[in-house]
Each structure stands twice: as structure tokens, then as C-alpha cells.
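Trainee: Starting from the known structure of chain A, arrange chain B on it as the hints suggest.
One letter stands for each residue in the lines below.
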Amino acid sequence: MALNPEFIGRTYPAGPSYVVGREKIREFARAIGDLNPVFHDPEVAQRLGYSDVIAPPTFAIVVSLEAANAALFDPDLGLDFARVVHGEQTFSYARPICAGDELVVTTVIENIRSMAGNDMITTKGTITTVAGELVATATSMLVSRGADE
Amino acid sequence: MTSTIKFADVAVGTELPPARYPIDRLTLVKYAGASGDFNTIHWNERIATEVGLPNVIAHGMLTMATAVRVVTDWVGDPGAVIEYGVRFTRPVVVPNDDAGVFLEVSAKVTELLEGNRAKIAITAKFDDQTVLGRAQAIVQLT
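As they're listed, the protein sequences go chains A and B. The opening position of the first sequence corresponds to residue 1 in the working numbering, with each subsequent residue numbered one higher. The opening position of the second sequence corresponds to residue 1 in the working numbering, with each subsequent residue numbered one higher.
Keep in mind that the hints are not guaranteed to be accurate.
Stated by the list, open to error - Pairs of lysine-lysine, DSS-like flavour, derived with a Cα cap of 27 angstroms:
no., chain 1, residue 1, chain 2, residue 2
1, B, 30, A, 24
2, B, 119, B, 6
3, B, 125, B, 30
4, B, 119, B, 108
5, A, 124, B, 119
Since the hints were made in silico from the structure, they are not lab data.
In isolation and in its complexed conformation, chain A is listed as follows (with noise of 0.2 angstroms):
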């Protein structure tokens, strides 16, 4: 089923806030392997000038992939979840998040368009913090694919 193209621009507004912590931080790096002190040493991370330890740069996505699902399980847009794959992502950072932050995410549908049979819904997530600061953007590119024939 072709998604509805109506939903281009459509802006989903920030949810409850996220809060980071520390020992989340610390649960991330370790599920990926990383060792690096900056993401485990608040002493280590305060010596590179930041108030506590930073994320890894792809924590980003924890935080928005909630408010993206917001927009992606709308039934009116008629995504498939069985058949989506991850086709692309792309992080920008302003500063990397940190323990303690408290992070809100806006998310507005950039793109929908169809190619070979296949649906691709391109989503831009907006972190700021509560008081409004910009810290990253996540945009996430999922490709529907369509039912073989």
C-alpha cells in the first residue's frame, strides 16, 4: 500500500521530555563495546569541559526514535512495519548530549516518495532541551518495501 503524500510537512509536536542519565549513557556504551572514559567518567568528561558524561553520538536515536514513531505509526499513513527497513540516518550535532540533560524532540515528516515499488518516508527530529537549546538533529530515511509479486 502506497503512503498517503499528505503527510509531507506534517510537524508532530514535542511529547514528555527525556530525561538523560547518567547510568543509561553508561548502558548504551557498554552494549556497543565502547570503553571510552568520556562516555563512563563524569571526572573524564568534565576535564574535556562537559558538566557530566556524554552520549555516544548515535544515543541520539534512542531519544528521537520515540517521537518519530509518533508520526510513523499514524494508521492514516498507512506504514506497513513488517515490511520497513532502515535505509538511511544522518546525525548533526550542536554539542553532544550529556547526563542530566532533559530533551524534546519535534519531529515533521520531510519527505514521502516511491521508487521500484518501494515507499521511502524521510522524518527530521529536532533535540532541544526544555529551555530551548538546540543539541542535535536525527534525520531517518525507512523504506517500505513493496509486497512481492
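Mentor: For chain B alone, coordinates are given in the frame of chain A:
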């Protein structure tokens, strides 16, 4: 932000130290829990093969997270990464054995940008084939 690498010390073609990262079923379980991505194709062989995959595959975001480690380890301060993007072109298939698989990652500087920034192209291979396309990061150097 305090990169240990100086802009003056890099040039187009500068190679970053390559690395080889293990990924096994336990890695996938840990990543699922830490990231909140519980998609069954990353831990349930029955479901993965039912949807046409050869076996359980790694989360694309785990591959992406692993590949950028060559950049964050090299640059000194991971906060120096100001942009990072990839295309997911091929899955990393993770068998149910004790050995797991390896992601082989190399990277080099491809462009010097204004403001002491450098663009880095990353190559991530599994089973001698690249798994990420157009993988690149921009770092802020001092």
C-alpha cells in the same frame, strides 16, 4: 570540545587507525535493551528467516554506532563529531555460535572544510563486503 587531533596535522588522505569490532548474539541482546529497539529480526531466528533473512541480523543502528568508533577514538573528544550519516546497504548477519562476526572499519580524511573541520569517509565491512554506503562524519578539530 577539545579534539586531540589538530587541524594542521591532517590532510586529505590522512588515514585513521583501523579497527575490528566483534558482534555476537549477546551484543545484539545488549543493544536491543540499551536502545529500546526490540524488533524481533535482531534476536529471533525463526522470525528473521520467516521474513526472508538468512539469519538474525544486527541492528543497523548498532553497525552505525560501531563504525564511528574509529572516528571518536581517533579524534580524542567524541563531542568533536558534529555530523554523521550513513546508508544501510547490506545486513550484518549474526549466526548463533560462540564466535560471532567482525565489523572491519577503516576511515580517511576526504576533505578539509572551513572552520578547522574535516570530512571523513568511513568504510565498514563484514564478510569482505561493505555494509554501509556514503558513511561519513564531519569533525571539529582544534
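Trainee: Look at each hint and say if it fits the structure.
Mentor: Taking the hints in turn, this is what the structure says about them:
no. : hint            : result
1   : B:30 <-> A:24   : holds (12 angstroms)
2   : B:119 <-> B:6   : holds (14 angstroms)
3   : B:125 <-> B:30  : holds (22 angstroms)
4   : B:119 <-> B:108 : holds (8 angstroms)
5   : A:124 <-> B:119 : holds (22 angstroms)
Taken one by one, the earlier hints all hold for this structure without exception.
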